[in-house]
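Student: Residue-level listing of the chains:
2 protein chains.
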Amino acid sequence: MSSDIAYKKYQNKDEYSYTLGAFPTIELLKNKPQYVREVFVHPDMDSAEQREILTSLCKDNNISLSVSKKIVEKLRDKENIFCIGIFNKYNEELSNGNHVVLVNPGDMGNLGTIIRTCIGFGFNDLVIIEPAADIFNPKVVRASMGALFQLRFKRYSSFDEYVSGNKQRNIYLFMLKGAENLQTLKRDNSECFSLVFGNEATGLPDEYVKYGKSILIKHKNTIDSLNLSMACGIALYEFSK
Amino acid sequence: MSSDIAYKKYQNKDEYSYTLGAFPTIELLKNKPQYVREVFVHPDMDSAEQREILTSLCKDNNISLSVSKKIVEKLRDKENIFCIGIFNKYNEELSNGNHVVLVNPGDMGNLGTIIRTCIGFGFNDLVIIEPAADIFNPKVVRASMGALFQLRFKRYSSFDEYVSGNKQRNIYLFMLKGAENLQTLKRDNSECFSLVFGNEATGLPDEYVKYGKSILIKHKNTIDSLNLSMACGIALYEFSK
Numbered sequence: 006m007s008s009d010i011a012y013k014k015y016q017n018k019d020e021y022s023y024t025l026g027a028f029p030t031i032e033l034l035k036n037k038p039q040y041v042r043e044v045f046v047h048p049d050m051d052s053a054e055q056r057e058i059l060t061s062l063c064k065d066n067n068i069s070l071s072v073s074k075k076i077v078e079k080l081r082d083k084e085n086i087f088c089i090g091i092f093n094k095y096n097e098e099l100s101n102g103n104h105v106v107l108v109n110p111g112d113m114g115n116l117g118t119i120i121r122t123c124i125g126f127g128f129n130d131l132v133i134i135e136p137a138a139d140i141f142n143p144k145v146v147r148a149s150m151g152a153l154f155q156l157r158f159k160r161y162s163s164f165d166e167y168v169s170g171n172k173q174r175n176i177y178l179f180m181l182k183g184a185e186n187l188q189t190l191k192r193d194n195s196e197c198f199s200l201v202f203g204n205e206a207t208g209l210p211d212e213y214v215k216y217g218k219s220i221l222i223k224h225k226n227t228i229d230s231l232n233l234s235m236a237c238g239i240a241l242y243e244f245s246k
Numbered sequence: 006m007s008s009d010i011a012y013k014k015y016q017n018k019d020e021y022s023y024t025l026g027a028f029p030t031i032e033l034l035k036n037k038p039q040y041v042r043e044v045f046v047h048p049d050m051d052s053a054e055q056r057e058i059l060t061s062l063c064k065d066n067n068i069s070l071s072v073s074k075k076i077v078e079k080l081r082d083k084e085n086i087f088c089i090g091i092f093n094k095y096n097e098e099l100s101n102g103n104h105v106v107l108v109n110p111g112d113m114g115n116l117g118t119i120i121r122t123c124i125g126f127g128f129n130d131l132v133i134i135e136p137a138a139d140i141f142n143p144k145v146v147r148a149s150m151g152a153l154f155q156l157r158f159k160r161y162s163s164f165d166e167y168v169s170g171n172k173q174r175n176i177y178l179f180m181l182k183g184a185e186n187l188q189t190l191k192r193d194n195s196e197c198f199s200l201v202f203g204n205e206a207t208g209l210p211d212e213y214v215k216y217g218k219s220i221l222i223k224h225k226n227t228i229d230s231l232n233l234s235m236a237c238g239i240a241l242y243e244f245s246k
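So the sequence lines, in the order shown, correspond to chains V and S. According to this note's numbering, the first sequence holds residues 6 to 246 in order. According to this note's numbering, the second sequence holds residues 6 to 246 in order.
Be aware that a few hints might be false.
[To be verified] In the DMTMM-like style, the derived pairs of lysine to aspartate or glutamate whose C-alpha atoms are separated by at most 25 Å in a straight line are:
id: 1; chain 1: V; residue 1: K246; chain 2: S; residue 2: D193
id: 2; chain 1: S; residue 1: K35; chain 2: V; residue 2: D229
id: 3; chain 1: V; residue 1: K83; chain 2: S; residue 2: D112
id: 4; chain 1: V; residue 1: K35; chain 2: S; residue 2: D229
id: 5; chain 1: V; residue 1: K37; chain 2: S; residue 2: D139
id: 6; chain 1: V; residue 1: K225; chain 2: S; residue 2: E97
id: 7; chain 1: S; residue 1: K223; chain 2: V; residue 2: D193
id: 8; chain 1: V; residue 1: K83; chain 2: S; residue 2: D139
id: 9; chain 1: S; residue 1: K246; chain 2: V; residue 2: E185
id: 10; chain 1: S; residue 1: K14; chain 2: V; residue 2: E84
id: 11; chain 1: S; residue 1: K37; chain 2: V; residue 2: D229
id: 12; chain 1: S; residue 1: K83; chain 2: V; residue 2: D139
id: 13; chain 1: V; residue 1: K83; chain 2: S; residue 2: E185
id: 14; chain 1: S; residue 1: K246; chain 2: V; residue 2: D193
id: 15; chain 1: S; residue 1: K83; chain 2: V; residue 2: D229
id: 16; chain 1: V; residue 1: K246; chain 2: S; residue 2: E185
id: 17; chain 1: S; residue 1: K144; chain 2: V; residue 2: E205
id: 18; chain 1: S; residue 1: K144; chain 2: V; residue 2: E84
id: 19; chain 1: S; residue 1: K14; chain 2: V; residue 2: D82
id: 20; chain 1: V; residue 1: K144; chain 2: S; residue 2: D229
id: 21; chain 1: S; residue 1: K83; chain 2: V; residue 2: D112
id: 22; chain 1: V; residue 1: K144; chain 2: S; residue 2: E243
id: 23; chain 1: V; residue 1: K246; chain 2: S; residue 2: E243
id: 24; chain 1: S; residue 1: K225; chain 2: V; residue 2: E84
In case anyone wonders, no lab produced these hints; they're calculated from the structure.
Working from the sequences, and respecting the hints, build out all of it.
Tutor: Shown next, in the form of structure tokens:
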């Protein structure tokens with residue numbers, strides 16, 4: 006059955022969001038079919054292969070797949086998008102393993118890139134301390150290239166709340182004033198760890214040092230700081246060793 | 006003297022480009038004053054400190070600084086931009102040190118982020134194999150946060166041309182099919198090196214292995230590849246050790 010809901014361009018307050026494009030829609034259907042409302046394809050979609058995969062995934066999961074020029078053209082933000090998935094926003098519990106924690110991330114592109122890199126280096130649990138960019142915004146989904154759907158993530162309203170709910174772990178805080186150099190850090194492998202990163206513009210507040218060990222990714226002083234997603238990627242790479 | 010040229014929104018074919026905002030304009034004036042045509046500030050610019058720095062840098066270098074609501078509003082792409090620098094595009098020779106080589110980079114945001122990261126890890130020479138995104142586009146300047154002006158860069162029309170002009174160096178090719186793992190690579194430190202990265206969508210062509218040693222940044226197969234700027238940042242971090 007095709008829905009009668011008059012879908013509009015995405016808004017933060019909506020209970021559902023979109024995947025824009027065949028690739029993220031396939032990732033959505035593979036990883037989180039239980040949240041999918043329905044899928045629309047444009048009559049001009051020319052990849053028979055993608056169409057076949059979409060059809061088969063929708064069929065397997067009993068999800069409606071409709072052809073609609075009108076809906077796809079209304080919801081897409083680029084002319085080269087021929088497939089849109091509509092899914093309910095969801096919440097999932099974190100695992101007890103290693104976590105990546107982003108404190109007040111503000112940029113949706115960064116957030117998506119970080120999610121993709123987390124998945125790439127085997128970090129499947131992401132914590133977001135609010136206020137933060139909306140993880141379900143289609144721009145984040147796109148920048149993550151669908152990796153969002155492989156992730157467990159949980160939002161907390163403060164870092165204290167996160168810490169009280171997730172004890173007995175080593176907390177590594179990435180700061181411009183970090184006391185230990187990432188390159189020479191000796192890790193304590195007796196417990197799981199959380200890698201914590203601050204906001205793009207402000208970094209982590211100084212008082213965060215009370216929560217754990219502060220780490221520096223050393224760079225020349227010819228730049229003020231590394232880009233957030235870059236700092237995060239380098240840390241994930243190093244900690245995945 | 007203030008120019009009578011009717012400046013228009015940036016186009017690739019122009020002989021000059023713009024810095025949009027006080028921060029990149031200050032970086033431009035500090036690092037490449039010889040290429041600056043003139044600077045415009047908007048009457049609503051409210052940071053007295055920035056205004057003072059701009060005034061002093063322009064004065065020191067005998068560069069015209071004019072207040073113009075009209076020109077700034079015509080050239081800017083965001084309402085929060087109150088300063089624009091106009092500079093002639095330039096070419097500079099590379100040093101004989103370590104190089105970063107981007108083969109056909111296509112995304113201006115990536116290019117800017119990579120430039121910033123190069124400077125941060127002490128790689129001041131960038132090679133671009135064309136066709137490629139326009140390094141002088143104001144979007145690249147912005148994404149680099151002005152780090153572009155600390156960089157030497159040179160464009161070549163093919164990798165062969167680059168190689169014949171830059172001999173006696175170790176060439177490391179970052180490829181999804183890389184033979185050696187970055188984490189365990191033993192580097193030959195007898196010569197300078199070039200770190201080579203392919204296009205965002207296609208990577209380096211397989212035949213590039215003839216040019217040097219192919220390197221893999223290992224990640225889980227849950228993602229197809231790392232984002233280009235991420236791969237580049239991780240490699241620069243590792244090679245700056």
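Student: Take the hints in turn and mark each one as holding or not.
Tutor: The hints, checked one at a time:
For the proposed pair K246/V and D193/S, the alpha carbon gap of about 22 Å is at most 25 Å, so the pair holds. For the hint linking K35/S to D229/V, the alpha-carbon distance of about 15 Å falls within 25 Å, and the restraint holds. Under the criterion of a C-alpha separation no larger than 25 Å, the hint pairing K83/V with D112/S is consistent with the structure, at around 16 Å. For the proposed pair K35/V and D229/S, the alpha carbon gap of about 15 Å is at most 25 Å, so the pair holds.
A distance of roughly 39 Å separates the Cα atoms of K37/V and D139/S; the hinted pair therefore is violated under the 25 Å criterion. Proposed proximity of K225/V and E97/S is supported: the alpha carbons are some 22 Å apart, at most 25 Å. Straight-line distance between C-alpha atoms of K223/S and D193/V comes to about 23 Å, which keeps the hinted pair within the 25 Å bound. Between K83/V and D139/S the alpha-carbon distance is near 22 Å, which keeps this suggested pair within the 25 Å criterion.
A distance of roughly 15 Å separates the Cα atoms of K246/S and E185/V; the hinted pair therefore holds under the 25 Å criterion. Of the supplied pair hints, the one linking K14/S and E84/V holds, its CA atoms being roughly 24 Å apart against a limit of 25 Å. Simply put, K37/S and D229/V have alpha-carbon atoms about 19 Å apart, close enough for the 25 Å limit, and the pair holds. For the hint pairing K83/S with D139/V, the CA-to-CA distance comes to about 22 Å; that is within 25 Å, so the pair holds.
Of the supplied pair hints, the one linking K83/V and E185/S is violated, its CA atoms being roughly 39 Å apart against a limit of 25 Å. With a C-alpha separation of about 22 Å, the suggested pairing of K246/S with D193/V holds against the 25 Å cut-off. Proposed proximity of K83/S and D229/V is supported: the alpha carbons are some 23 Å apart, at most 25 Å. For the hint linking K246/V to E185/S, the alpha-carbon distance of about 15 Å falls within 25 Å, and the restraint holds.
Taken as a hint, the K144/S and E205/V pair is honoured in the structure, with Cα atoms around 18 Å apart against an allowance of 25 Å. Of the pairs offered as hints, the one joining K144/S and E84/V holds, with about 22 Å between alpha carbons and a cut-off of 25 Å not exceeded. A distance of roughly 24 Å separates the Cα atoms of K14/S and D82/V; the hinted pair therefore holds under the 25 Å criterion. A distance of roughly 19 Å separates the Cα atoms of K144/V and D229/S; the hinted pair therefore holds under the 25 Å criterion.
Only pairs whose Cα atoms come within 25 Å are accepted, and K83/S paired with D112/V is accepted, the gap being roughly 16 Å. Between K144/V and E243/S the CA atoms are separated by roughly 30 Å; this puts the pair beyond 25 Å, and the hint is violated. Proximity of K246/V to E243/S is assessed by CA-CA distance (about 12 Å); at most 25 Å being required, the pair is judged to hold. Under the criterion of a C-alpha separation no larger than 25 Å, the hint pairing K225/S with E84/V is inconsistent with the structure, at around 32 Å.
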